[in-house]
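K.L.:
So the protein lines, in turn, are chains L and G.
By this note's numbering, the letter at position 354 of the first sequence is numbered 354, and the numbering carries on one by one without gaps.
By this note's numbering, the letter at position 106 of the second sequence is numbered 599, and the numbering carries on one by one without gaps.
Worth double-checking, as some hints may not be accurate.
Below, in silico cross-link-like pairs of lysine to any residue (SDA-like), each with a Cα-Cα straight-line distance of 25 Å or less [claimed, not checked]: (1) L/Lys167 - G/Gly514; (2) L/Lys238 - L/Ala48; (3) G/Lys562 - G/Ser498; (4) L/Lys174 - G/Trp699; (5) L/Lys428 - L/Ala316; (6) G/Lys547 - L/Gln122; (7) L/Lys127 - G/Ile704; (8) L/Lys127 - G/Lys609; (9) L/Lys428 - L/Ser438; (10) L/Lys167 - G/Trp699; (11) G/Lys547 - L/Ser124; (12) G/Lys609 - G/Tyr624.
FYI, nobody ran anything at the bench for these hints, they're computed from the structure.
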Amino acid sequence: MIKDVGLRIPQEVYTFFTNPGGHSLILRGNAGAGKTTFALQTIEDLSAIEKSCYYPTRVSDASLFSQFPWLSGKLDQLLVLDRGNPKKSNSLGQVIELHREALGTLKGISPSHSVAAKGHMQVSIGKDLGEIETIYDVIEERLPERTLLVIDSLDALAERNNMSCVKLLTAIQKDIVEGYHSNVLFVLESPEQQLDYLGDGVIKISLGEYQRRRTREIEILKLRGTEIRQPRYLCTLKGGKLQSFGYWWERNFQASIPWTAVPDKDAHVTTGIKGLDDLLLGGLERGAVVLIELGPGVPLSVAGTIEASIVANFVAQNRGVIWMPLRKTSVESARGRVVSMVPPESFDKFVRIPELATNMGSSRSQSMMPIEGSNVGSDLKWQNITYALQGAESPFLSLIGFDTLESIYGAGVMEHMIDHLAAMRRNKGVFVGIVSSSSSSTQRLADLSTVDLRIERIGGTVVIYGEEPFTECHAMALKEQEQGGSICLTPIV
Amino acid sequence: MMKASFPDQSCVLMVGSPGIGLLEFNVSLVKSYLERDDVVIFVALDNSPDDVIKTMNAFGLETDKLLGKSLFFLDYNSSLLGTREEKPTHTGGVRTINDIEGIMFNIGSIFEETKKRSRIFIYSLSTLFLYNQANVVLKFFQISNSKIRASYGTSIISVHDGVHDERTVNHLMAIADGVVELHFDEDMNKMMRIRNMRGCSTSAQWIPFEIRTVDKGEPVQLLEWT
Numbered sequence: 001m002i003k004d005v006g007l008r009i010p011q012e013v014y015t016f017f018t019n020p021g022g023h024s025l026i027l028r029g030n031a032g033a034g035k036t037t038f039a040l041q042t043i044e045d046l047s048a049i050e051k052s053c054y055y056p057t058r059v060s061d062a063s064l065f066s067q068f069p070w071l072s073g074k075l076d077q078l079l080v081l082d083r084g085n086p087k088k089s090n091s092l093g094q095v096i097e098l099h100r101e102a103l104g105t106l107k108g109i110s111p112s113h114s115v116a117a118k119g120h121m122q123v124s125i126g127k128d129l130g131e132i133e134t135i136y137d138v139i140e141e142r143l144p145e146r147t148l149l150v151i152d153s154l155d156a157l158a159e160r161n162n163m164s165c166v167k168l169l170t171a172i173q174k175d176i177v178e179g180y181h182s183n184v185l186f187v188l189e190s191p192e193q194q195l196d197y198l199g200d201g202v203i204k205i206s207l208g209e210y211q212r213r214r215t216r217e218i219e220i221l222k223l224r225g226t227e228i229r230q231p232r233y234l235c236t237l238k239g240g241k242l243q244s245f246g247y248w249w250e251r252n253f254q255a256s257i258p259w260t261a262v263p264d265k266d267a268h269v270t271t272g273i274k275g276l277d278d279l280l281l282g283g284l285e286r287g288a289v290v291l292i293e294l295g296p297g298v299p300l301s302v303a304g305t306i307e308a309s310i311v312a313n314f315v316a317q318n319r320g321v322i323w324m325p326l327r328k329t330s331v332e333s334a335r336g337r338v339v340s341m342v343p344p345e346s347f348d349k350f351v352r353i354p355e356l357a358t359n360m361g362s363s364r365s366q367s368m369m370p371i372e373g374s375n376v377g378s379d380l381k382w383q384n385i386t387y388a389l390q391g392a393e394s395p396f397l398s399l400i401g402f403d404t405l406e407s408i409y410g411a412g413v414m415e416h417m418i419d420h421l422a423a424m425r426r427n428k429g430v431f432v433g434i435v436s437s438s439s440s441s442t443q444r445l446a447d448l449s450t451v452d453l454r455i456e457r458i459g460g461t462v463v464i465y466g467e468e469p470f471t472e473c474h475a476m477a478l479k480e481q482e483q484g485g486s487i488c489l490t491p492i493v
Numbered sequence: 494m495m496k497a498s499f500p501d502q503s504c505v506l507m508v509g510s511p512g513i514g515l516l517e518f519n520v521s522l523v524k525s526y527l528e529r530d531d532v533v534i535f536v537a538l539d540n541s542p543d544d545v546i547k548t549m550n551a552f553g554l555e556t557d558k559l560l561g562k563s564l565f566f567l568d569y570n571s572s573l574l575g576t577r578e579e580k581p582t583h584t585g586g587v588r589t590i591n592d593i594e595g596i597m598f599n600i601g602s603i604f605e606e607t608k609k610r611s612r613i614f615i616y617s618l619s620t621l622f623l624y625n626q627a628n629v630v631l632k633f634f635q636i637s638n639s640k641i642r643a644s645y646g647t648s649i650i651s652v653h654d655g656v657h658d659e660r661t662v663n664h665l666m667a668i669a670d671g672v673v674e675l676h677f678d679e680d681m682n683k684m685m686r687i688r689n690m691r692g693c694s695t696s697a698q699w700i701p702f703e704i705r706t707v708d709k710g711e712p713v714q715l716l717e718w719t
């Protein structure tokens, strides 16, 4: 089982910086891609093992704290170099700080031309590289302790000191990374790759679009000495923090907390997945017809976990469920996926899984609901359902895997499903149809559905988004939660 | 901060463009010598000792504590300008001289008092050229350097660039053990190089230097543009 270690940056980046010795990482991307947030998140994720020195060159300290309020709690690990502005008294005799550096530049007057600071003089051999020398001082003061130095951005620092990025990066690489064995994260404002060869590692962060929805992606181009298991990570900047999403679905995750039912909100019926309820603005309306489309490459376990979560939450509330699992899963196998979350007797009492009577043979399970397999309308007649689910409370759930349904009744099954859908709607139940990319019923079901959700795989990350209602992409991950299943949805913003 | 490590018992000629900060460069060297408990004798020709002391104070030197102990001034400036006061400002620390011979006489006298090798700064030789014939100054330069090297320590003698003919400057360079050049580049950046230093390998590369304020304080507006 994967333990949640609270790491928000990609695992590879964490490993890279925690390897012995010093390492330099170039982080590049277009404006607004999330470079600063990535840099600050790296500081936070590494804060338990090494102190950090963050040097912002373009963003003022005050605005940095307003953009990232959580930063103030990390002040003991951050060093924001002080660049004092000249002060002046106003008409009331109050001392105000002057912010006219940029205006001075527009006027063609460098502040150093018009202002002379008081204090002791000295002759220094070499250029006055005040800021850069201060950075060196900070790193040297902390030796032999390793420091994570974040320069945001290298372009701005080089520009202010009238030197090229190549020269500055080379100098810091040689002295601070190789000499002092400290870690350095260079943020570059340009997505160009000219400097890539100089860093030990290179990461590109970019804004993208998927089905007219925004995505953010971290691409690991190079990490010297570190195995790159996942080269691309989808990520979000929700809450001013970066969260990257790994290949959760490839791993063997098992929830260790027993299922706790998610209660309904207002008039809505909960899906049992809190994130999905939020995406649907509270849950499903009674009488809803829900279409869940699975895109190509979506792992089997994703659909299985969604099915199990929805079923478990209905069972936990003593609600009746007609469940035709995807991929013609056997009754025992389907039951096995859910009884780890809810009591087996509840499952047997409140869940019915349609099974061809001809295939049942001698194996009889209380959850089986025998069907003839020739006419879906009569097999899933409302009277049959209520009879099979005696003692269960409403609303009922009809959860149908259309690959299984079409394998029994044929590709034109939707023509005969109308009565079942109408009955579910009439009786304020919830119908959920799960279709794959090869289903013949998708378009017809989409026409009838009140909710249309799509699950796709972007890179290694599984995302869900709503066509109806229209929603942004939400990344799906597995995480222990107090209520509902382990499926966690995070909006990609 | 700059630290001087010129060879002991040598004569260093410092050639600087006007406005480059030759006095500040000298004072910075004075500071580094005084901080390691050397005796410094400053021969003031271009400026009065008081002016030089102010500059030294700006560099953080506590001249009050040093004068007469490890810092000595030979004030030839007052005599040249005819502004010599009856009573010297700093008794013992500042000694007034009236002629070129007085320089070496007083250096010898201070050496006898302190019994320590000294760092002797002459700022600047250009002023001596104003009041004396070139061959007289060149002779003084040669003889004084010879004596200082042999008996008193190290001399750092400044001369302003571009105000003397090339032959004179070449002569001075030939006599000196080492030459430090200070000039502005095309972008008015201050640059320096050690042109040569006897017994040492030097690079012909010009390197930048800056005269700056290190302690933060309330800034002073030199040009009001608000």
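K.L.:
Would you mind marking each hint as holding or not holding in the structure?
P.N.:
These are the hints, each one checked on the structure:
Between L/Lys167 and G/Gly514 the alpha-carbon distance is near 29 Å, which puts this suggested pair outside the 25 Å criterion. For the hint pairing L/Lys238 with L/Ala48, the CA-to-CA distance comes to about 22 Å; that is within 25 Å, so the pair holds. Distance check on the hinted pair: G/Lys562 and G/Ser498 sit about 22 Å apart at the alpha-carbon level, within 25 Å; holds. Pair hint L/Lys174 plus G/Trp699 holds up; C-alpha atoms about 23 Å apart against a cutoff of 25 Å.
Under the criterion of a C-alpha separation no larger than 25 Å, the hint pairing L/Lys428 with L/Ala316 is consistent with the structure, at around 19 Å. About 14 Å separates the Cα atoms of G/Lys547 and L/Gln122, which keeps this hinted pair within 25 Å; it holds. With a C-alpha separation of about 10 Å, the suggested pairing of L/Lys127 with G/Ile704 holds against the 25 Å cut-off. Taken as a hint, the L/Lys127 and G/Lys609 pair is broken in the structure, with Cα atoms around 35 Å apart against an allowance of 25 Å.
Taking the CA atoms of L/Lys428 and L/Ser438, the gap is about 30 Å. The hint is violated against a cut of 25 Å. Simply put, L/Lys167 and G/Trp699 have alpha-carbon atoms about 18 Å apart, close enough for the 25 Å limit, and the pair holds. As the CA atoms of G/Lys547 and L/Ser124 are separated by approximately 20 Å, the hinted pair is consistent with the 25 Å bound. With a CA separation close to 32 Å, the supplied pair G/Lys609 and G/Tyr624 exceeds the 25 Å bound.
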